[in-house]
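Trainee: As you go down the protein sequences, you meet chains A and B in turn. 14 is the number of the first residue of the first sequence in my numbering; add one for each residue after it. 87 is the number of the first residue of the second sequence in my numbering; add one for each residue after it.
Keep in mind the hints are simulated off the structure, nothing from the lab. Cβ atoms here follow ideal geometry from the backbone N, Cα and C, with glycine treated the same way. Watch out, some of these pointers could steer you wrong.
Taking lysine to aspartate or glutamate and the DMTMM-like style, the derived pairs with C-alpha atoms no more than 25 angstroms apart in a straight line are [said to hold, decoys possible]: (1) A/Lys45 <-> B/Glu210; (2) A/Lys45 <-> B/Glu182; (3) A/Lys45 <-> A/Asp81; (4) A/Lys45 <-> B/Glu221; (5) A/Lys45 <-> A/Asp107.
Calculated Cβ distances over 10 angstroms to all of chain B for the following chain A residues [to be verified]: (6) Pro17; (7) Arg23; (8) Thr25; (9) Pro53; (10) Gly66; (11) Arg73; (12) Leu92; (13) Pro93; (14) Arg105; (15) Gly106.
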Amino acid sequence: MGTPIRIRARATQGHTEVTLLMPHPMETGMRKDDSGRFVPAHFITEVQVAAAGRVVLQARLSQAVSQDPLLSFRYRGGLPGDRLEVRWSDSRGDQRSDETSVS
Amino acid sequence: MNKVQYQRRDLLKRAGVFAALAAGGLLTAREARAAEDALVFGAASMREALDALGSVPTSGAQIVLTVPELAENGAVVPVTVESLLPGTHDIFIVVEANPNPMVVRFTIPQGTDAWVSTRIKMAESSSVYAIVRAEGRLYSACRDTRVTVGGCG
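Required output: the full structure, derived from the provided sequences and hints.
Mentor: The structure is reproduced here in structure tokens:
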């Protein structure tokens, strides 16, 4: 479900730099809509990133990560063409997975 | 309640115990992690969150926490954490004044730099903590951020 994860992964000087943008409402459960009713909490809870089949980052998120979570990190090694896979799951049990090639 | 039971309950509140149970083969690492997460992310105060992590962190000069001194929009506050501590395994970002202080945990596998950057929500002006677990011990760094418009509504 949802909008594709935007992934940028670039190998440079022995490292691979990764930036992810995961479109998601990240509702805290404390926001009210126009009719004054609370919008139910709905947020990404787990993120896992694997590069060439190896896990390079794992994260647990709360509702206090901003809407459309943006994560940046870097790992050692990595070559242009490596497959990078990003997977998230959220508090409703929805999930999404997207992949790209390291450039 | 007798003393032994009390100690056991007290001990179980401290999530470091889950790692020990996992090491002893009584829980899988995954179960231990899930048990700790439930306590840490469910905590309604900074103190409760720290209890759930198992100990009070010592302040670590080897943690570089970058967060703006003044955030106009509490809904989007950029935070970057770098740990120079050897054996960094987890990086937590905690906002003391948020209704649930624990914001995010990053687990850093071997081969990944202890450097992460993200954007978080802050309900109001608060101390922001980066807590690092390295070789089983906790360290923290702290910065104060003033928020003009809170980001939880």
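Trainee: Each hint should be assessed against the structure and marked as holding or not.
Mentor: Now for the hints, and whether the structure bears them out:
1. For the given pair, A/Lys45 sits about 18 angstroms from B/Glu210 by alpha-carbon distance, which is consistent with the 25 angstroms threshold.
2. With a CA separation close to 23 angstroms, the supplied pair A/Lys45 and B/Glu182 stays within the 25 angstroms bound.
3. Straight-line distance between C-alpha atoms of A/Lys45 and A/Asp81 comes to about 19 angstroms, which keeps the hinted pair within the 25 angstroms bound.
4. For the suggested pair A/Lys45 and B/Glu221, the alpha carbons sit about 43 angstroms apart, so the restraint of at most 25 angstroms is broken.
5. Of the pairs offered as hints, the one joining A/Lys45 and A/Asp107 holds, with about 23 angstroms between alpha carbons and a cut-off of 25 angstroms not exceeded.
6. For A/Pro17, the non-interface assignment is confirmed: its Cβ lies about 19 angstroms from the closest Cβ of chain B, beyond the 10 angstroms cut-off.
7. Taking the minimum C-beta to C-beta distance to chain B, about 14 angstroms, the non-interface status of A/Arg23 holds against the 10 angstroms cut.
8. Listed as a non-interface residue, A/Thr25 keeps its Cβ farther than 10 angstroms from every Cβ of chain B; the least gap is roughly 13 angstroms.
9. Here A/Pro53 stays apart from chain B, with its beta-carbon at least about 15 angstroms from theirs, past the 10 angstroms limit.
10. Listed as a non-interface residue, A/Gly66 keeps its Cβ farther than 10 angstroms from every Cβ of chain B; the least gap is roughly 13 angstroms.
11. Distance to chain B contradicts A/Arg73 as a non-interface residue, since its nearest Cβ pair spans about 4 angstroms, not more than 10 angstroms.
12. Residue placement check: A/Leu92 keeps its beta carbon more than 10 angstroms from all beta carbons of chain B (closest about 14 angstroms).
13. Once the 10 angstroms rule is applied to beta carbons, A/Pro93 is consistent with being away from chain B; the minimum gap is 18 angstroms.
14. The beta carbon of A/Arg105 is kept farther than 10 angstroms from every beta carbon of chain B, the shortest such distance being approximately 16 angstroms.
15. Separation of A/Gly106 from chain B is adequate, the least Cβ-Cβ distance of about 15 angstroms exceeding the 10 angstroms criterion.
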